[in-house]
Structure formats: structure tokens, C-alpha cells
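Chemist: Produce the complete structure using the sequences and hints provided.
One letter stands for each residue in the lines below.
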Amino acid sequence: MSARSTPRDAWAGALFLFPGVGIIFACVLLPAALALALSFTHCSRYGMITWAGLYNYHKLFTDAVAVRSLLNTLKYVAIFVPANLVLALSIALVLNRPFPGMKWIRSVYFVPVVISGVVAVSIFRFILDRNYGPINAVLAALGFEPVPWLWSESWAMWSIIAMDLWKSSAFFAVIFLAALQGVPKELQEAATVDGAGRLAGLLHVTLPSLRSVTQAVLALSSIGAFRVFVPMFVLTQGGPAYSTRTLALHAYLTGFRDGELGYSSAISFALLTVILLATLLMKRAGRRSE
Amino acid sequence: MRHGLGQAIRLVWAAAVALVLAGCSSSKQPERTSLEFWCYMGGGASDPTARFWNAVAARFEKANPNVKVKVTADIPHEYYMSMLGTRFIGRNAPDVMLMDDVEVGDLAREALLMPLERFLRSDRGYRGRDFAPSMVRDSYVNGIRYSIPWYGSFVQLTYRTDLFAQAGVTPPRTWDELLATCRTIQQRLGMQYPFGMDLSASFWMINWIWQNGGDVLSADSKRVTLDSPECIGAVQFVHDLVHKHGVVDPGLASGTKMPDLWSLGKIAMMLDGAFSIGRYDQQFPQWRGKWEVAPLPAGRKDISFYGGAHLVMSRRTRHPALAWRFMAFATSVQNQLRYADMLGSPPANLAVFELPEFQKRHPHLVRMRRVIAHGRNNPLVPFFGKIWYEMFANEVLDVVMHDPHADVAATLRAANRDAQRAADDYWATHPKFASEGAGE
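Residue numbers (our numbering), protein chains in the order written: chain L, 1320 to 1609; chain V, -4 to 435.
These are computed hints drawn from the structure, not numbers from a lab.
Everything numeric in this text was worked out from a predicted model, so none of it was measured.
Treat the hints with caution; some may be incorrect.
[Unchecked claim] Subject to a maximum C-alpha distance of 27 Å in a straight line, what follows is the list of computed DSSO-like cross-link-like pairs (lysine-lysine):
| id | chain 1 | residue 1 | chain 2 | residue 2 |
| --- | --- | --- | --- | --- |
| 1 | V | 285 | V | 261 |
| 2 | L | 1378 | L | 1422 |
| 3 | V | 285 | V | 217 |
| 4 | L | 1486 | L | 1378 |
| 5 | V | 217 | L | 1378 |
| 6 | V | 427 | L | 1378 |
[Said to hold, decoys possible] Stretch by stretch, here's where chain L covers chain V in the computed footprint (C-beta under 8 Å, at least three residues):
| id | segment |
| --- | --- |
| 7 | 79 to 91 |
| 8 | 100 to 113 |
| 9 | 243 to 251 |
Cβ atoms here follow ideal geometry from the backbone N, Cα and C, with glycine treated the same way.
Modeler: Structure below.
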């Protein structure tokens, strides 16, 4: 039997590839190309299209709300991603140690991941309610004034970040947990024999072993954070005073509420560019640290 | 035998011909014409909108036996225009649609709606003069009639009659009286914040601005006028009600909900919309028979909001005459009375207000009849929503209503600059509309 592939094999290969490539083309590449084309037009929500050239991209720089949305997105990413990483790793380290009821506790920690995003946000809307929320009830019992968690410029973004950490950290904790269980015990034992304490073992043995997983978690977490939409959409609609308006929400509201589909597409491509740049930077930083 | 076989063949042949002829004869039932109608859901799962429109469709089908009306009435308001948009892009919009007045202009300018003049001219049964004049004015885009009024809402002062009687006060008619009434209630009933209004939603604020002689846009809708002394004065007045005079709960700017205060009896009066009148007794049974409505206290001018929803016809409908008949049927006195009975909302057909049964069943709506005569609508330019409901809410209300020491004038001037940019952007990207003017 010859190892060289024949034209017939190539055709067969192409045939097998066709469904996957076809779906990616029809559902990802084609819509993306159409959206890119749309970003150079003025397109109403009822389909009237006129050529706009670079108008929508120029508008991105003069639209104060777009600039504010970008800053809010960067703020969210800058706080959420490191906090998520630390929290997920901490949970994984705790759950990695044997203790009674460990399996049950692990399952409980995973519950927030299983709950749908909108349901989780709705639960938090009740928890953070100014007048009837349990958090403010506890504060009132302790003699404090109620906090307008979602209605104050200074609190709203922090409240949403806290909710998202609760929702996401468990997922990444499971990834870290799986990686931790793959760290060879002999390495830790050797470090202990060499006189390393718990902290030194963690810093010099465990964490370096998790480098590739950490990079993956960082990338996934960052991409998700740049695209954050649901909590802002459901809880605050980007307010108060635009304090929780992110680029993804800005693109949605501009397109589907204000009916400016061309400009909305331009915002989406700006967001895509930001995500690509951030991913490239992380990749480069990862290579350097290796 | 052969004779018998021939006869049988002839019989079968005759039967077959008879069957074919019967199939082609005029006695065949004509195919039913299908008409599609869309409206948005009023709010909540128990919303009776779908029930009402299905009943209208059933009555229309009974009067027109060969017609089938397909009703879609379960789309929430916030997604309605987006979903309709996909139908328009797909060139298969419903024949007849209900929509807010502000949406009609864009669709008409994009030539997606059917002009209605020819139907109005030929249909002597449709009594256009029975409808609120301001809503009829809102039905025109660049001098052409594209819609007919369906429902007109107003803004009212809703107050507790028992508390007013205890405090010995009557509904305030002016801004000065509003403040005085609040003070009296505070003193006599010990109520901390007698007056309630949603401080985070722009919808209510425009009434104060109009009453103070101001407006959000210039007459041609090209210039934003949030920085006018009248606008600044109106916002300052509301800010003072909260932070200087202390008659409105400041929590209403940051998460406290007015229905909660009303339900607990923590306010004696509130600014509310006609759409709520039909729900009060069901929502707050504890105050049944203890509330009443009154026009808003007047400032320099006695104006308040009056606007609502219209019926429109798709330009691509294959049955324009039938679609018109359905529109006229839906807005008839009988159907508008049924609408008021089912939803407790004010109908646009004012002839309904003259019916004794309406007057008996809807005394609150009847009392507000005079507001309809001098009510006015928001500007019907497409970018008004962005300027008012988004920019004003985020850049003015979210800032000044939270802060007792806010510089109202400076905040409005800054917001005006941003809003003007949004208006300029709209006119720059819609040059054809700009040359036509706002058009309403």
C-alpha cells in the first residue's frame, strides 16, 4: 500500500472537511465579512443603506460615550481578570487538599457555573436591591444606611464585578484543580526534602507547573471580560451616568435600540481589534516568561 | 352483456366528468384571505393585550367570513421594533401594525408604510374628527398621512383622597401650590416625603420643562435647547423639591421604586401615567376607593404630555383595502370602548368619552378629558429617544438628582453639547431627511 496520497484521497479529504468549513464560513466568516462591510455604511434598522466611508470609524473617536465605554471595559478587564485568576487559584488550592466532604464542597462551588447568566444576574438584582435586598437588610441591622449598589456611579461597576467573580471563578477553579492534580507529587516531596516550606513549595514548584494553564485561563478570562454584556444589560443598562456602559453594550444599544447598524458594526470591530491586541500582548508576554 | 358493459363505462365516464365539473364550478368555497396584524405586549404575562386583539380579530372575521386575521401580540415592547425591522428587511412586514408615534416617521421616510389618504377619502364610515387633534397631527409625515391614532396616554397627578381630606388640602394646581400642599401634609400628617416622582427616568421631566416654557428641541428639531433658562429652571425646580425643600424622597433617584412607596402609604401623591390608572385597584387593593387623579400642577404654562400609539399599514400589503377595513374596525367606538374596559387605558377615539357606559365605568379617565385637549407630544424625530431617554438620563438625572450640591446649569450645558453632537450626527447621516425637515 502506497503512503503517497492520490488526487482521489485529496478529494475525499476535502469532502470530509466541507461540512465543518462550510458551517464556519456560513456562520462566522460570511457574517463577519458582511458586518465589516456594514461598518462602512449608514444602515437603518429597516434596511436603508447608504455609503459612509470611514465616517463610523471617525465617529468612534468623537463619540464621548464610546470613549467612556472603552475606558469602562478596560477598567472591568483590569480589575476582573487578575481578581478572577487569584480567586480561582485560591479556591482550587483549597479544594485540592483532602478533607471530609471534599466532593460535596467541590460540587457546591461549581453551582454558579451551571446557573444561566440571566438567572444569576436576576438573583443578584434581588440581593442588591436598595430597599429589599438582604445585603442592605444586614447593613440596616448593623445601623448603616442602605447602599445603592446598582444606582450609584461609584458602586455599580464594583457590584457587577463582584457578581461576575462569583459566577466565573468557580469555572476557572475547576480548570486549575485539574491542573493541580496533574502536578507530580514527587516534585513537591523533593522540595520538602530540600527544606522548602509550604509557601516556597507553592511559589517555586506548584505555580511554575501551572504556567501553561494559567496562560490559557488568562486568555479565556480576558476575552470573556472584554466582551462582558449580560450583567450590564440586565442590571443597569449601562448606567448610572454611563458608569457601567461597556463597548459590547454600546454596540448592542447603538445597533438594536438606536437603529444605527453601521456604527454598531464599527464599534464591534473596534472591540474585536482591542481583543486581538490584548491577546497578542498576552501571548508575547507568555513567550517571554518561558 | 356487452350492452351492459358499455352502459357501465358510460356511467363511470359521466360520473368522472360530473366530478371534474363540480370541482371547477362556482359553488366551490372561495379561499380565505389572510391578514397579518402585529402589536406589542403591554407588559407582564397576564397582560390582556393578546386577548383583546384576538377578540377584535374574531369579530372582524365574523363580519368578513372569508378573512382570517393572524394576530401576534406577545412581543415585549423593548424588542418589538427590532423584530419588526427584520420583517421589513425581509420585505414581508405584517399587513397592519401597531406602533408608538415616534417610530412612524422613520418607516414612512424609508417608504415602507402605505399612505392612507385614499382610504380616508373613500371611507365615509371612518370619523377622523372623533380622534384627538394632536394625535391626528402626529399621523402626518411631511404632509402625508401614514397612521391613525389608536391609544393616547397622558400624565397625571395621582393622590390619596383620604390623606388629602385628613390634611385638609386639595390637589395643587400650580407649582407654588404643590410645594405648599407638601408642606401642609408634612406638618399635619407627619409624612416625611409627601410627593413622589421617578427621578431616574427622563419621561416625566419633559412635563416640567414644557410647563416652564422650555423645550428639548427647537421647532425644526435641528437645535438642542437643554441649556435654555427655561430647561435649567425646570430641572432646578425638581432638584429643589428633592434636596432643598425635602418633599421628595431622594432615594427615588437611586433605586427606591415609587410603586413601593405608594403601596406602603409613604407618599400622598405621585406623578404617574394614564397607563397605570387601570391597574391601581388590582395592584393596590388597600387603596381602593381612596385615590383620585388630577391634572399636573401648572407652571408658567398649563401643558402636559399626551401621545401614544398608532395603527399603520405596510406598503407591501397585498390587501390594502382589507387592511384599511381592519384598521377602521379596530378604532371604531365599540372596539375602543372594549379596549378601555379591558385595559383601563384611555382610547384615542374621543367619541368613546361621550358614552354613558364609559363615563360610568371610567370616571378617572373622564376627569382627565381636558388634559387631552391641551396635551402635547414629544418631538417625533428618531434621535429624540437617544437624546432624551439616554443622554438626559445618564448625563443630567443620574448626576444632579443624586447630588444635593449639583450645579444644575453647568450639567445641562455640558449635556446640551453632547446632545447637539448627536442631533448633528443624525442630520449629517440623513441628508435627505434634513432637506425635508422634521416633517411632523
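Chemist: Could you grab the alpha-carbon distance between residue 217 of chain V and residue 1378 of chain L and see if it respects the 27 Å cut-off?
Modeler: Satisfied, since the Cα-Cα distance of roughly 19 Å is no more than 27 Å.
Chemist: Keeping to a limit of 27 Å between CA atoms, is the pair of residue 1378 of chain L and residue 1422 of chain L held or broken?
Modeler: It is violated: about 53 Å lies between the C-alpha atoms, which goes past 27 Å.
Chemist: Does the segment 243 to 251 of chain V contain three or more residues whose Cβ lies closer than 8 Å to a Cβ of chain L?
Modeler: holds (count 5)
Chemist: Residue 1486 of chain L and residue 1378 of chain L were given as a pair; does the straight-line alpha-carbon distance stay at or below 27 Å?
Modeler: violated, 35 Å
Chemist: Residue count check for the segment 100 to 113 of chain V against chain L: does it reach three with CB-CB under 8 Å?
Modeler: Since 4 is at least three, the answer is holds.
Chemist: Regarding the pair residue 285 of chain V and residue 261 of chain V, is the alpha-carbon distance no greater than 27 Å?
Modeler: holds, 14 Å
Chemist: Verify the proposed pairing of residue 285 of chain V with residue 217 of chain V, using a straight-line Cα cut of 27 Å.
Modeler: Violated. Residue 285 of chain V to residue 217 of chain V sits at ~46 Å, over the 27 Å cutoff.
Chemist: Between residue 427 of chain V and residue 1378 of chain L, is the straight-line Cα distance small enough, at 27 Å or below?
Modeler: Cα-Cα ~20 Å, so holds.
Chemist: Count the residues of the segment 79 to 91 of chain V whose CB lies closer than 8 Å to any CB of chain L, then report whether that count reaches three.
Modeler: Coverage by chain L holds for the segment 79 to 91 of chain V (3 residues, Cβ < 8 Å).
Against the hints set out earlier in the document, violations occur for numbers 2, 3 and 4.
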